[in-house]
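2 protein chains.
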Amino acid sequence: MRLVVIGGVAAGMSAAARARRLDPALEITVLEMGETVSYGACGLPYFIEGRVPDWRSLIVYTAEQFREQRNIDVRTRAEVTGVSHARRSVRLRSGEEIRYDKLVLATGARQDRTAIAGLDQPHVFSMNTIPEAMLLREYLRTARPDHAIVIGASYLGVEAVEALRAHGWRVSVVHGGKHLLKRDDAFLTDLLTRHLSRFHVEVRPGVCVRTIEPDSVAGVHASLVVLAAGLKPNTALAEEAGVELGSTGAVRTNERMETNLASVYAAGDCAESIHLITGRPSWIPLGTTANKMGRVAGANAAGRRARFAGVVDTSIVRVCGLGVGLTGLSETRARREGFHPVVTRIEGLDRARYFRGRPTTVELVADRSSGRLLGGAVLGDTGVEGRINVIATAITRRMDVEEFGQLDLAYAPPFAPVWDPLLIAAQQLIKLLGSSV
Amino acid sequence: MRLVVIGGVAAGMSAAARARRLDPALEITVLEMGETVSYGACGLPYFIEGRVPDWRSLIVYTAEQFREQRNIDVRTRAEVTGVSHARRSVRLRSGEEIRYDKLVLATGARQDRTAIAGLDQPHVFSMNTIPEAMLLREYLRTARPDHAIVIGASYLGVEAVEALRAHGWRVSVVHGGKHLLKRDDAFLTDLLTRHLSRFHVEVRPGVCVRTIEPDSVAGVHASLVVLAAGLKPNTALAEEAGVELGSTGAVRTNERMETNLASVYAAGDCAESIHLITGRPSWIPLGTTANKMGRVAGANAAGRRARFAGVVDTSIVRVCGLGVGLTGLSETRARREGFHPVVTRIEGLDRARYFRGRPTTVELVADRSSGRLLGGAVLGDTGVEGRINVIATAITRRMDVEEFGQLDLAYAPPFAPVWDPLLIAAQQLIKLLGSSV
Numbered sequence: 047m048r049l050v051v052i053g054g055v056a057a058g059m060s061a062a063a064r065a066r067r068l069d070p071a072l073e074i075t076v077l078e079m080g081e082t083v084s085y086g087a088c089g090l091p092y093f094i095e096g097r098v099p100d101w102r103s104l105i106v107y108t109a110e111q112f113r114e115q116r117n118i119d120v121r122t123r124a125e126v127t128g129v130s131h132a133r134r135s136v137r138l139r140s141g142e143e144i145r146y147d148k149l150v151l152a153t154g155a156r157q158d159r160t161a162i163a164g165l166d167q168p169h170v171f172s173m174n175t176i177p178e179a180m181l182l183r184e185y186l187r188t189a190r191p192d193h194a195i196v197i198g199a200s201y202l203g204v205e206a207v208e209a210l211r212a213h214g215w216r217v218s219v220v221h222g223g224k225h226l227l228k229r230d231d232a233f234l235t236d237l238l239t240r241h242l243s244r245f246h247v248e249v250r251p252g253v254c255v256r257t258i259e260p261d262s263v264a265g266v267h268a269s270l271v272v273l274a275a276g277l278k279p280n281t282a283l284a285e286e287a288g289v290e291l292g293s294t295g296a297v298r299t300n301e302r303m304e305t306n307l308a309s310v311y312a313a314g315d316c317a318e319s320i321h322l323i324t325g326r327p328s329w330i331p332l333g334t335t336a337n338k339m340g341r342v343a344g345a346n347a348a349g350r351r352a353r354f355a356g357v358v359d360t361s362i363v364r365v366c367g368l369g370v371g372l373t374g375l376s377e378t379r380a381r382r383e384g385f386h387p388v389v390t391r392i393e394g395l396d397r398a399r400y401f402r403g404r405p406t407t408v409e410l411v412a413d414r415s416s417g418r419l420l421g422g423a424v425l426g427d428t429g430v431e432g433r434i435n436v437i438a439t440a441i442t443r444r445m446d447v448e449e450f451g452q453l454d455l456a457y458a459p460p461f462a463p464v465w466d467p468l469l470i471a472a473q474q475l476i477k478l479l480g481s482s483v
Numbered sequence: 047m048r049l050v051v052i053g054g055v056a057a058g059m060s061a062a063a064r065a066r067r068l069d070p071a072l073e074i075t076v077l078e079m080g081e082t083v084s085y086g087a088c089g090l091p092y093f094i095e096g097r098v099p100d101w102r103s104l105i106v107y108t109a110e111q112f113r114e115q116r117n118i119d120v121r122t123r124a125e126v127t128g129v130s131h132a133r134r135s136v137r138l139r140s141g142e143e144i145r146y147d148k149l150v151l152a153t154g155a156r157q158d159r160t161a162i163a164g165l166d167q168p169h170v171f172s173m174n175t176i177p178e179a180m181l182l183r184e185y186l187r188t189a190r191p192d193h194a195i196v197i198g199a200s201y202l203g204v205e206a207v208e209a210l211r212a213h214g215w216r217v218s219v220v221h222g223g224k225h226l227l228k229r230d231d232a233f234l235t236d237l238l239t240r241h242l243s244r245f246h247v248e249v250r251p252g253v254c255v256r257t258i259e260p261d262s263v264a265g266v267h268a269s270l271v272v273l274a275a276g277l278k279p280n281t282a283l284a285e286e287a288g289v290e291l292g293s294t295g296a297v298r299t300n301e302r303m304e305t306n307l308a309s310v311y312a313a314g315d316c317a318e319s320i321h322l323i324t325g326r327p328s329w330i331p332l333g334t335t336a337n338k339m340g341r342v343a344g345a346n347a348a349g350r351r352a353r354f355a356g357v358v359d360t361s362i363v364r365v366c367g368l369g370v371g372l373t374g375l376s377e378t379r380a381r382r383e384g385f386h387p388v389v390t391r392i393e394g395l396d397r398a399r400y401f402r403g404r405p406t407t408v409e410l411v412a413d414r415s416s417g418r419l420l421g422g423a424v425l426g427d428t429g430v431e432g433r434i435n436v437i438a439t440a441i442t443r444r445m446d447v448e449e450f451g452q453l454d455l456a457y458a459p460p461f462a463p464v465w466d467p468l469l470i471a472a473q474q475l476i477k478l479l480g481s482s483v
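Keeping their order, the protein sequence lines are chains A and B.
If you want the numbering used here, it's the 1-based position in the first sequence plus 46.
If you want the numbering used here, it's the 1-based position in the second sequence plus 46.
Keep in mind that a hint or two might mislead.
[To be verified] The list that follows gives simulated cross-link-like pairs (lysine to aspartate or glutamate, EDC-like), each with its CA atoms no further than 20 Å apart: (1) B:K224 x B:D236; (2) A:K278 x A:D158; (3) A:K477 x B:D236; (4) B:K477 x A:D158; (5) B:K228 x B:D69; (6) A:K228 x A:E259.
[Unchecked claim] Which stretches of chain A does chain B cover? Using the computed rule of at least three CB atoms under 8 Å from a CB of chain B, they are: (7) 77-83; (8) 90-99; (9) 152-159.
Simulated from the structure, these hints should not be mistaken for laboratory data.
On a predicted model such as this, the values are computed, not experimentally measured, just so you know.
A virtual CB, placed ideally from N, CA and C, is assigned to each residue, including glycine.
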């Protein structure tokens with residue numbers, strides 16, 4: 047019995063490792079087109095920034111470790127050019143064919159480079175892979191800081207801003223949408239835009255870049271351009287093999303990470319997951335989700351019955367020193383999904399005032415008729431990850447605002463104020479819900 | 047209609063403020079025996095340590111503010127010596143009688159000083175009130191650092207250790223029990239005892255102090271003694287008025303904070319609350335709980351129908367730099383409560399390794415038959431409050447370990463590792479539960 051995994055980063059290596067743990071007899075082959083497997087792609091912005099001096103510290107396990115310690119046949123520079131499910135085999139660029147009994151597609155995401163002209167100029171960079179990050183870092187080390195433009199305002203875009211600022215560059219962000227961080231939340235976008243401008247980072251929404259000129263983008267001078275937009279699920283091989291895609295453009299899977307083809311699984315950034323609040327498929331490419339999906343795909347490929355529960359779309363990012371945590375639905379999105387949202391935004395303290403307490407903003411969204419919590423945002427100095435995770439846990443279990451407002455949260459002056467901002471926000475929301483009945 | 051509140055700290059002032067907000071016409075009188083109301087008693091250790099230079103910064107609102115801005119008749123140095131519920135009146139030490147229609151008992155906790163002889167010596171201190179804390183701080187400022195003994199190993203005891211060490215004193219902790227932090231968890235006690243010994247703090251369990259000698263306690267030299275044990279609910283007035291106590295020794299209330307007497311409520315450290323996991327009354331004197339109970343009592347006294355959901359016994363404390371968060375039941379306690387607990391303890395990282403990730407220990411307890419999470423502990427450098435709050439939220443909603451292990455928690459290198467220690471612990475626990483079936 048042979049398991050073949052296409053893709054050796056988060057989802058792929060999680061799948062292979064899990065399958066090995068559950069079935070020591072399985073033959074497992076991982077095919078990775080790049081030179082390294084199992085690296086923390088989320089750490090690349092910090093490598094570019096310089097905080098992570100050596101890219102090797104982003105490697106969790108090497109291909110050799112997988113081969114020697116786990117008996118997993120990991121092949122790097124092994125580009126798969128085709129999948130024939132009828133013959134149960136994959137074809138490598140070298141011409142070699144490898145047969146499989148079970149197949150895990152973990153081909154990740156790719157950047158769409160067709161929509162913009164001029165991407166191949168020497169001052170234009172991406173930061174999706176280690177080689178790309180190395181090129182950018184080398185450029186930053188040798189070029190004189192001037193004006194950089196980041197195309198895209200999602201997480202990657204914001205992380206690129208941080209990395210470039212650390213090198214002394216003036217940075218502008220241009221993006222085609224209205225909102226930052228892929229969240230249709232005008233309050234959040236306003237607050238972050240103002241915060242960024244305090245750090246001399248200009249944000250230009252609604253700019254659809256078609257061409258990168260040698261010294262400008264959309265009329266703004268730029269001696270460095272970082273492309274942080276256009277991420278798409280990498281589904282070319284899947285499609286060729288006859289694997290169905292979902293409405294999001296990513297591979298459609300069930301909760302066992304099974305595709306429409308028998309014995310073929312998909313996991314990670316190439317696959318959809320179920321959004322636990324809307325109940326509908328979503329495409330949310332994130333490292334944590336990829337790892338969880340990979341584990342489930344690997345377990346099922348090894349003959350177990352594991353399921354992936356789904357996501358509530360939790361994320362966190364640092365924006366010029368400010369922690370920004372998001373989960374669930376924004377007010378606008380909740381309305382679009384058929385809820386009747388009520389929203390509140392409050393400012394509290396992250397710790398006791400006499401313990402260097404700093405302002406923390408909490409946004410909570412609930413459904414008017416049921417009182418059910420639908421989403422939230424937390425912005426602050428410390429404790430952002432903890433507070434957004436509490437909201438994520440509550441919405442996963444369909445908690446209503448009443449119960450949320452009475453949560454028995456930890457309190458001591460070095461860690462929190464006696465009224466946690468989460469509870470203050472809940473009280474405010476209960477008042478709004480009450481008066482609306 | 048007049049509401050009288052006995053006690054003007056957390057629960058009492060929360061009750062008064064809430065009642066005022068809901069009923070502008072209510073006559074509200076707060077009777078506080080001390081000189082200040084509405085102070086952050088939890089900040090006293092940090093005042094003693096010196097981090098909070100001025101005790102006035104612990105005051106949230108002054109009596110004047112309550113009088114002028116909220117029309118609440120707050121009287122300090124107003125000691126209530128008796129309650130006659132038949133006549134609906136309280137009697138002050140001054141002889142004055144005040145009639146009430148509704149009464150909130152928020153008399154707090156008191157330290158039992160009858161069990162130990164020698165407490166009135168000049169080198170023996172408590173730290174429950176602002177005057178007590180001021181006396182201790184004055185002593186620390188003038189006395190030569192030598193050896194201090196803290197009696198008691200609950201939160202207050204540990205916080206006293208931190209405060210004394212900051213002044214250069216060598217500290218020993220003696221306590222009558224087996225475990226630290228009131229948690230019957232040998233693993234936790236061991237780990238903390240070893241941690242404290244690294245900071246030259248000696249812990250002597252099983253020592254029942256009966257007498258404090260002029261220069262020693264239980265045979266150990268001491269030129270300073272801090273009493274941080276013997277906290278009891280302060281129920282003398284309640285009992286005299288005919289209010290029933292519960293099995294914990296604190297005032298028995300229902301979820302509306304009503305006592306057995308009509309129109310008499312109790313809230314805060316003098317009252318019981320329902321433990322959401324055992325379903326039984328518990329006495330857990332904590333500032334956050336006191337505030338929540340006070341709000342509910344105040345709302346009901348003002349004619350609304352509010353309820354207090356109960357507690358899961360969440361707490362957090364810093365022990366020589368180590369954050370220690372606890373919630374729910376320990377393994378031992380779970381067994382005593384009739385569960386069949388399975389426990390796991392893992393060490394993970396609080397953040398990505400390349401982002402100064404530091405070790406974090408997570409303990410999770412679940413019920414073998416249902417898989418339901420029952421409790422947990424988190425010990426670490428950063429993120430302790432957030433992780434313990436996620437466990438608290440999960441156990442409040444009776445989450446099982448399977449669902450917990452798939453929580454969509456926030457990830458970015460500055461905030462968390464890609465596999466959060468909570469999820470690693472859950473995976474470990476799932477394995478243990480699985481193999482036991």
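Now for the hints, and whether the structure bears them out:
Taken as a hint, the K224 (chain B) and D236 (chain B) pair is honoured in the structure, with Cα atoms around 10 Å apart against an allowance of 20 Å. A distance of roughly 7 Å separates the Cα atoms of K278 (chain A) and D158 (chain A); the hinted pair therefore holds under the 20 Å criterion. Pair hint K477 (chain A) plus D236 (chain B) does not hold up; C-alpha atoms about 46 Å apart against a cutoff of 20 Å. Distance restraint check for K477 (chain B) and D158 (chain A): the Cα-Cα separation of roughly 41 Å exceeds the 20 Å cut-off, and the hinted pair is therefore not satisfied.
Restraint check for K228 (chain B) and D69 (chain B): not satisfied, since their Cα atoms lie roughly 40 Å apart, outside the 20 Å limit. Our distance criterion of 20 Å between C-alpha atoms is broken by K228 (chain A) and E259 (chain A), whose separation comes to about 26 Å. Proximity of the region 77-83 of chain A to chain B, defined as three or more residues with a beta carbon under 8 Å from a beta carbon of that chain, is not established by the 0 residues found. With 3 residues having a Cβ less than 8 Å from any Cβ of chain B, the region 90-99 of chain A passes the three-residue criterion, so the hint holds.
As drawn, the region 152-159 of chain A meets chain B at 0 residues by the rule of a beta-carbon pair under 8 Å; below three, the given contact is violated.
When held up to the earlier numbered hints, the structure conflicts with 3, 4, 5, 6, 7, 9 and fits the remainder.
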